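Top to bottom, those sequences are chains A, B, C, D, E and F. Under the numbering used here, the letters of the first sequence match residues 1 to 68, in that order. Under the numbering used here, the letters of the second sequence match residues 1 to 68, in that order. Under the numbering used here, the letters of the third sequence match residues 1 to 68, in that order. Under the numbering used here, the letters of the fourth sequence match residues 1 to 68, in that order. Under the numbering used here, the letters of the fifth sequence match residues 1 to 68, in that order. Under the numbering used here, the letters of the sixth sequence match residues 1 to 68, in that order.
Possibly wrong hints are sitting among the right ones.
SDA-like cross-link-like pairs, simulated, lysine to any residue; straight-line CA separation at most 20 Å [as the list claims (entries may be wrong)]:
(1) F:Lys10 to E:Gly48
(2) E:Lys17 to E:Glu51
(3) C:Lys53 to C:Leu29
(4) C:Lys53 to D:Gln33
(5) D:Lys10 to D:Thr46
(6) B:Lys18 to C:Ala20
(7) E:Lys10 to F:Gln33
(8) A:Lys14 to B:Pro30
(9) D:Lys10 to E:Met1
(10) C:Lys10 to C:Leu29
(11) D:Lys17 to F:Ala20
(12) C:Lys14 to C:Gly48
(13) B:Lys17 to E:Lys14
(14) F:Lys18 to E:Ser67
(15) B:Lys17 to E:Ala20
(16) E:Lys14 to F:Lys14
(17) A:Lys18 to A:Thr42
(18) D:Lys10 to C:Glu34
(19) A:Lys17 to A:Thr42
(20) A:Lys53 to A:Ile16
(21) E:Lys18 to C:Asp19
(22) C:Lys17 to C:Glu54
(23) B:Lys18 to B:Glu45
(24) F:Lys14 to F:Thr41
(25) B:Lys10 to A:Glu34
(26) D:Lys18 to D:Ser50
Pulled from the structure, derived: some chain C residues nowhere near chain B, Cβ distances all over 10 Å [to be verified]:
(27) Val13
(28) Ile16
(29) Asp19
(30) Val26
(31) Gly31
(32) Gly52
(33) Glu54
(34) Thr56
Since the hints were derived computationally from the structure, they do not count as laboratory data. It should be emphasised that the depicted structure is a prediction, and the values quoted were computed from it without experimental measurement. Note that beta-carbon positions come from the ideal geometry of N, C-alpha and C, so glycine has one too.
The lines below spell out each chain.
Number of protein chains: 6
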Amino acid sequence: MALSARNQLKGTVKSIKKDAIMAEVVVELPGGQEIVSVITTTSAETLGVSEGKEITVVIKSTEVMLSN
Amino acid sequence: MALSARNQLKGTVKSIKKDAIMAEVVVELPGGQEIVSVITTTSAETLGVSEGKEITVVIKSTEVMLSN
Amino acid sequence: MALSARNQLKGTVKSIKKDAIMAEVVVELPGGQEIVSVITTTSAETLGVSEGKEITVVIKSTEVMLSN
Amino acid sequence: MALSARNQLKGTVKSIKKDAIMAEVVVELPGGQEIVSVITTTSAETLGVSEGKEITVVIKSTEVMLSN
Amino acid sequence: MALSARNQLKGTVKSIKKDAIMAEVVVELPGGQEIVSVITTTSAETLGVSEGKEITVVIKSTEVMLSN
Amino acid sequence: MALSARNQLKGTVKSIKKDAIMAEVVVELPGGQEIVSVITTTSAETLGVSEGKEITVVIKSTEVMLSN
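With the rest of the complex left out, here is chain A (with noise of 0.2 Å):
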């Protein structure tokens, strides 16, 4: 699957918390920063997200701010 969304990073999944409806994923990438991502519970687990995993972050680009 090809995705217009341009942002795709690799890493490593650090911490997953969930409830009922909505899950928390804390991700690794390789130089050590990490991205946080709020999906639906039921998301997190189709895709068997669990730590350890190596999963891809995905972001579209209108969604990105910068900052000084």
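Let chain A serve as the given structure and place chains B, C, D, E and F on it in line with the hints.
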């Protein structure tokens, strides 16, 4: 300024392309991966975005997807 | 590629309009309704978006509103 | 109310799941495809979202990605 | 039309700038603060957005960040 | 920190409601209108969000819709 957006990744501007309304900025992260940001041209100019500039990429967690 | 974004609707590209940075793509769904996608022109060209092409529309659930 | 969000798809609520803050609503479109919406529980209750209800799904065009 | 997006702020259009695809609209709120909206030019024209027009700004709650 | 997000509105926290993952914060603007923000509970606690606190609401322009 402390911001609720938990994703704040440091990088360097690799390229910038602008038209009347929108600008597309490519940022290189320390690990070598890239992130594309689409912001208004006004914002890019206010921040002084230019090639080689050190910059921080900011993303709200609810905008971050995951994929296998 | 399995993606956490749970909204993946199949359709056909009805029209595409591009400028230097952004592209606007109208997709027709099987039920006859239409979805408009605004992505970067670079993404549209990388995906080879053109009229008549079968394509999948992808939307993160947290971006979907409801109305009466 | 006329809204700038150009994606307004009619459908029927198939299921709803709520916790204290967030609600997840599955909507079935006429063509048989489904869309998941994550909104606040307060919004879901204010709109009176319930199974079988006819509803309109609303999405801003800049939130819509494409994939092959 | 009742909409799940809970942020609906009344204001007045202060300026509008358009190119082929995207439009940038500055809205002044009653308290004197401003909000910038980036929508498609097609949407801006369909809504008849023009300087001095009274308009409502609409934002999904999950898109709103906070900062100190 | 200068941020590309051009919408930065000052207000006062009117209420906050939290569960394990997500928090819902209602902010009152000087003109009397309200904005609801949904962020992670971790972010809300890191920022020290509490009733009566002066806070800034931040929104990326591409997330702002308009309606008549």
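Results of checking the hints against the structure:
1. Distance hint between Lys10 of chain F and Gly48 of chain E is unfulfilled; the C-alpha atoms sit about 29 Å from each other, more than 20 Å.
2. In summary, the hint linking Lys17 of chain E to Glu51 of chain E is supported, as the alpha carbons are separated by about 10 Å, within the 20 Å threshold.
3. Under the criterion of a C-alpha separation no larger than 20 Å, the hint pairing Lys53 of chain C with Leu29 of chain C is consistent with the structure, at around 12 Å.
4. Of the pairs offered as hints, the one joining Lys53 of chain C and Gln33 of chain D holds, with about 19 Å between alpha carbons and a cut-off of 20 Å not exceeded.
5. As the CA atoms of Lys10 of chain D and Thr46 of chain D are separated by approximately 19 Å, the hinted pair is consistent with the 20 Å bound.
6. Distance hint between Lys18 of chain B and Ala20 of chain C is fulfilled; the C-alpha atoms sit about 8 Å from each other, no more than 20 Å.
7. Between Lys10 of chain E and Gln33 of chain F, the direct Cα distance comes to roughly 8 Å. Compliance with the 20 Å bound is thereby established for this hinted pair.
8. With a C-alpha separation of about 19 Å, the suggested pair Lys14 of chain A and Pro30 of chain B falls inside the 20 Å cut-off, and the hint holds.
9. A hinted pair counts as satisfied when its Cα atoms are at most 20 Å apart, and Lys10 of chain D with Met1 of chain E qualifies at roughly 13 Å.
10. A C-alpha spacing of about 7 Å is found between Lys10 of chain C and Leu29 of chain C, which places the hinted pair at or below 20 Å, so the restraint holds.
11. Taken as a hint, the Lys17 of chain D and Ala20 of chain F pair is honoured in the structure, with Cα atoms around 16 Å apart against an allowance of 20 Å.
12. Taken as a hint, the Lys14 of chain C and Gly48 of chain C pair is honoured in the structure, with Cα atoms around 14 Å apart against an allowance of 20 Å.
13. Note on Lys17 of chain B and Lys14 of chain E: the hinted pairing is violated, with a Cα-Cα distance of about 27 Å set against a maximum of 20 Å.
14. Of the pairs offered as hints, the one joining Lys18 of chain F and Ser67 of chain E holds, with about 17 Å between alpha carbons and a cut-off of 20 Å not exceeded.
15. Of the supplied pair hints, the one linking Lys17 of chain B and Ala20 of chain E holds, its CA atoms being roughly 16 Å apart against a limit of 20 Å.
16. With a C-alpha separation of about 28 Å, the suggested pair Lys14 of chain E and Lys14 of chain F falls outside the 20 Å cut-off, and the hint is violated.
17. Proposed proximity of Lys18 of chain A and Thr42 of chain A is supported: the alpha carbons are some 10 Å apart, at most 20 Å.
18. About 11 Å separates the Cα atoms of Lys10 of chain D and Glu34 of chain C, which keeps this hinted pair within 20 Å; it holds.
19. Restraint check for Lys17 of chain A and Thr42 of chain A: satisfied, since their Cα atoms lie roughly 13 Å apart, inside the 20 Å limit.
20. For the given pair, Lys53 of chain A sits about 11 Å from Ile16 of chain A by alpha-carbon distance, which is consistent with the 20 Å threshold.
21. The hinted pair formed by Lys18 of chain E and Asp19 of chain C meets the criterion: a straight-line CA distance of about 12 Å does not exceed 20 Å.
22. Between the alpha carbons of Lys17 of chain C and Glu54 of chain C the distance comes to roughly 17 Å, so the proposed pair stays at or under 20 Å and holds.
23. Simply put, Lys18 of chain B and Glu45 of chain B have alpha-carbon atoms about 10 Å apart, close enough for the 20 Å limit, and the pair holds.
24. As the CA atoms of Lys14 of chain F and Thr41 of chain F are separated by approximately 17 Å, the hinted pair is consistent with the 20 Å bound.
25. The straight-line distance between the Cα atoms of Lys10 of chain B and Glu34 of chain A is roughly 11 Å, inside the 20 Å bound, and the hint therefore holds.
26. Restraint check for Lys18 of chain D and Ser50 of chain D: the C-alpha separation of about 11 Å stays at or below 20 Å, so the hint holds.
27. Every beta carbon of chain B lies more than 10 Å from that of Val13 of chain C, the smallest distance being close to 21 Å; the non-interface claim holds.
28. The beta carbon of Ile16 of chain C sits about 17 Å from the closest Cβ of chain B, which is more than 10 Å, so the claim that it is off the interface holds.
29. Distance check on Asp19 of chain C: its Cβ comes as close as 6 Å (rounded) to a Cβ of chain B, failing to clear the 10 Å threshold; non-interface status is violated.
30. With a least CB separation of 19 Å from chain B, Val26 of chain C remains clear of the 10 Å interface cut-off, as annotated.
31. The claim that Gly31 of chain C is not at the interface with chain B holds, since no C-beta of that chain comes within 10 Å of its own (minimum 25 Å).
32. Every CB of chain B is more than 10 Å from the CB of Gly52 of chain C (nearest about 27 Å), matching its label as outside the interface.
33. Once the 10 Å rule is applied to beta carbons, Glu54 of chain C is consistent with being away from chain B; the minimum gap is 21 Å.
34. For Thr56 of chain C, the requirement that its beta carbon stay farther than 10 Å from each beta carbon of chain B is met, with the minimum near 14 Å.
The structure fails hints 1, 13, 16 and 29 (numbered hints given earlier, in ascending order).
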